[in-house]
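2 protein chains.
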Amino acid sequence: MNSIPHIVIVGGGFAGLNAARALKHAPARVTLVDRRNFHLFQPLLYQVATAALSPANIASPLRYILKKQKNVNVILAEVTGFDLKSQKVLLKDGELSYDTLVVAAGSENNFFGHDDWAKHAPGLKSLEDATQIRSRILHAFEAAERETNPDLRAALLTFVVVGAGPTGVELAGALGEIARDTLRNEFHSIQTQSAKILLLDSVTRVLPPYPEELSAKAKSALDNLGVSFQPETIVTGISADAITVRQNGEDKSIPTRTVLWAAGVKASPLGQALAQASGLPLQRGGKVSVQPDLRLTGYQNVLVVGDMAALTDHTGKYLPGTAPVAMQQGRYAARLIETSLQGKTIEPFKYFHKGDMATIGRKIAVAHVWGFKFNGTLAWLSWLFIHLWYIAKFEDRLLVFLQWAWNYFTRNRSARLITGR
Amino acid sequence: MNSIPHIVIVGGGFAGLNAARALKHAPARVTLVDRRNFHLFQPLLYQVATAALSPANIASPLRYILKKQKNVNVILAEVTGFDLKSQKVLLKDGELSYDTLVVAAGSENNFFGHDDWAKHAPGLKSLEDATQIRSRILHAFEAAERETNPDLRAALLTFVVVGAGPTGVELAGALGEIARDTLRNEFHSIQTQSAKILLLDSVTRVLPPYPEELSAKAKSALDNLGVSFQPETIVTGISADAITVRQNGEDKSIPTRTVLWAAGVKASPLGQALAQASGLPLQRGGKVSVQPDLRLTGYQNVLVVGDMAALTDHTGKYLPGTAPVAMQQGRYAARLIETSLQGKTIEPFKYFHKGDMATIGRKIAVAHVWGFKFNGTLAWLSWLFIHLWYIAKFEDRLLVFLQWAWNYFTRNRSARLITGR
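Protein sequences, first through last, are from chains A and B.
Counting in the numbering used here, the first sequence runs from 1 upward without gaps.
Counting in the numbering used here, the second sequence runs from 1 upward without gaps.
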């Protein structure tokens, strides 16, 4: 019907959205499919989980973001699989034909074979995860206030974060601030600042990809917030009222009602669907085999970008599942498609790593940017402005800034709501 | 144990919270029990349902509001009943002894015997209701965009609001703005401004408690927003894909996927529990018999305030279930308790009615204040500032103001998220 090519993009995260935007001038029809109606600014999701921001502060409707881009059509639908031979994306309620396909369905929590842990230890991938975690944290303090049995009260006031990567560190740091600052003096029967916050990981230091020096700074900042980092700790079980771990060869049970999972992610199940459709074996972490130009091995008109792509750096390690990688891959995919339409080719994808930043608390962050290491207030301010800069593309910078300023000066967190049925 | 009297307040809405605050200097221990951890600014709940504000903009933790008031203890618990003889409030998981009891549990949606309609026609009482309504409205447009059958598409683009009181009028007006302004030009297959918005009521005019002149102004403002008011219309059935009504003696079925219920409320089921405990018959609308001083008939140390109290004005009509009535009754209850402690008595409760205001849309509102009738931009600005003034007691005025300014200038509604499992 249409002679101009139809590009279907699956997923409106950092990778898919950036691909769609970079196709602005492409002589093509673009359809962006997502099962959610919004783009989520995932790097700030932990701030929703810890009551500092509201969901709408970090999520913006895809239609709104792409309103002015006339060659893009957004549809809300759930993708269930692919028929690569007949060039179709299969939906729960229909299908979509494509000339070129970009799959950018992201990742989900990985419980490494222990899916039964999920109900006791929510991970942090969706807005619903974040508001659920927020409710659990706040509810634990409320329940502790009413509990008269000291052991049960201590269990309610024990918070365990599994995984000492950036998400785990940011969650644990914010928990420390909630207990020491935000809720202080609001309870009568408990001392919220006596809450025990444990950060567990099997590795030896927090933020393992950072230089050791910054890991040490982060660890001492966490100490100051009352967060106890437990290195070389393997989780062996999680139930409704305890987490069991192995430490130095010993088994230990820690009574707790709140375990948060930040130990890892795996590619979306659509990776499995692509593997099935293409006959290619799935890679580690559920990722999909791609060529250095992000094309699905054996398929010139299918690209896989973002967390789903099994692309390694020169050391053989996967590229990290971060927003910068996803954004760069999304833009690369758009450029590759546009040049292909002109009959030309481009160089393989190359990730340009600017740096890493993680915030731990008020005026405390660590950053490793362009080879420079810094921490403290300067790193925190840099973190603030970089995040404001990026979120401003979608949402109103001023509102987020003011929410932060308000939280900063009042030491309050305004979104302290226990919601959900 | 304690010789100072213990006052238990059930409910942290406008009535209960104002009672607690007004007891600031009372020589008493006050316990405020609520099943939610926050006070909800209900007059703006429709703005959450229509994506203009976020839940946290209109809800503030009770602990935070009462942080500085040392004689108040907040507990999160569900009240299940009362033992008036032994002076106990029964909780789902425990009990609370009181010397004086203030019951302020508010109201819930009233489906007038058709509780099966609730799942197809959500009412607007809780934050969860509001985010559910928001998801339904936004989802209907998304589904219409993908629907190819013109009849089904028309049904998806038909929105029915039942009840033309302030909540119904505000919801319908906001729906008109969403269809005509907010979503305009964001869809490819549908014209959002062609959405049909019906406002049904059994009465003859919108906003029945207002002067006829203002009802007429409100009706014409609704017309301009594409809202069709259908007077003298009785709802006879609601299913997943239609609402059936009787109009001028004729039965009619209107295909629709979105019905919103704003047709009325009834007192909390705790009214029934109080009636049971006291042996008093329940009044119309599930309300509780009270003396002119808001004391439960026959019980000197039990007060019932807010939506639950069956108090009539000089014409024999119930006082309206509004925030001003609840606030005044809450403060009155506190004064009565304090004077009783001093062995004195006070005059019966008298409601001081300042006026009514309802906003219909951008720069359009109607107001009837201190006998003056006005409408248009002036009424709208008054509405804005009065609501900002009241919400500022709980939340940051500046953030709400800026959110509104942002929405106003961009004609966007930032909280357009379809969430929930």
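Any given hint could turn out to be false.
Copies of the same chain are indistinguishable here, so a pair counts whether it falls within one copy or spans any two.
Straight line, CA to CA, 30 Å or less: simulated DSBU-like cross-link-like pairs of lysine-lysine [stated by the list, open to error]:
#1 K92 to K119
#2 K363 to K68
#3 K88 to K24
#4 K344 to K363
#5 K252 to K70
#6 K68 to K196
#7 K266 to K252
#8 K196 to K70
#9 K363 to K67
#10 K252 to K67
#11 K70 to K354
#12 K70 to K119
#13 K373 to K252
Since the hints were derived computationally from the structure, they do not count as laboratory data.
Model, not experiment: these values are computed from the prediction.
Exercise. How would you label the pair K363, K67 (within, between, both, or neither) given a Cα cut-off of 30 Å?
Worked result: between (37 Å within a copy, 25 Å between copies)
For this session: With 30 Å as the alpha-carbon cut-off, assign the pair K373 and K252 to within, between, both or neither.
Result: neither (37 Å within a copy, 71 Å between copies)
Problem set entry | Alpha-carbon proximity between K252 and K70, which holds within one copy, between copies, both or neither at 30 Å | This pair counts as neither: shortest intra-copy Cα distance 59 Å, inter-copy 41 Å.
For this session: Up to 30 Å between alpha-carbons, please classify K252 paired with K67: within, between, both or neither.
Result: Classified as neither: same-chain Cα gap 54 Å, cross-chain 38 Å, threshold 30 Å.
For this session: First find the shortest C-alpha distance between K88 and K24 inside one copy, then the shortest across copies, and answer within, between, both or neither for a cut-off of 30 Å.
Result: within (23 Å within a copy, 67 Å between copies)
For this session: Could you figure out if K196 and K70 sit no more than 30 Å apart (CA to CA) within one copy, between two copies, both or neither?
Result: This pair counts as between: shortest inter-copy Cα distance 26 Å, intra-copy 53 Å.
Exercise. When no copy is named, should K68 and K196 be tagged within, between, both, or neither for a Cα gap of at most 30 Å?
Worked result: Cα proximity of K68 and K196: across copies only (26 Å, versus 49 Å in one copy).
Exercise. When no copy is specified for K70 and K119, does a C-alpha distance of 30 Å or less occur within a copy, between copies, both, or neither?
Worked result: Neither. Shortest intra-copy (42 Å) and inter-copy (38 Å) distances fail the 30 Å Cα cut-off.
Exercise. When no copy is specified for K266 and K252, does a C-alpha distance of 30 Å or less occur within a copy, between copies, both, or neither?
Worked result: within (28 Å within a copy, 53 Å between copies)
Problem set entry | Intra- versus inter-subunit Cα pairing at 30 Å for K92 with K119 | both (26 Å within a copy, 24 Å between copies)
Problem set entry | Same-copy or cross-copy closeness of K344 to K363 [CA-CA at most 30 Å] | So K344 and K363 fail the 30 Å test inside a copy (49 Å) and across (55 Å) alike.
Exercise. When no copy is specified for K363 and K68, does a C-alpha distance of 30 Å or less occur within a copy, between copies, both, or neither?
Worked result: between (38 Å within a copy, 26 Å between copies)
Figure legend: structure checked against the earlier numbered hints; hints not met, in rising order: 4, 5, 10, 11, 12 and 13.
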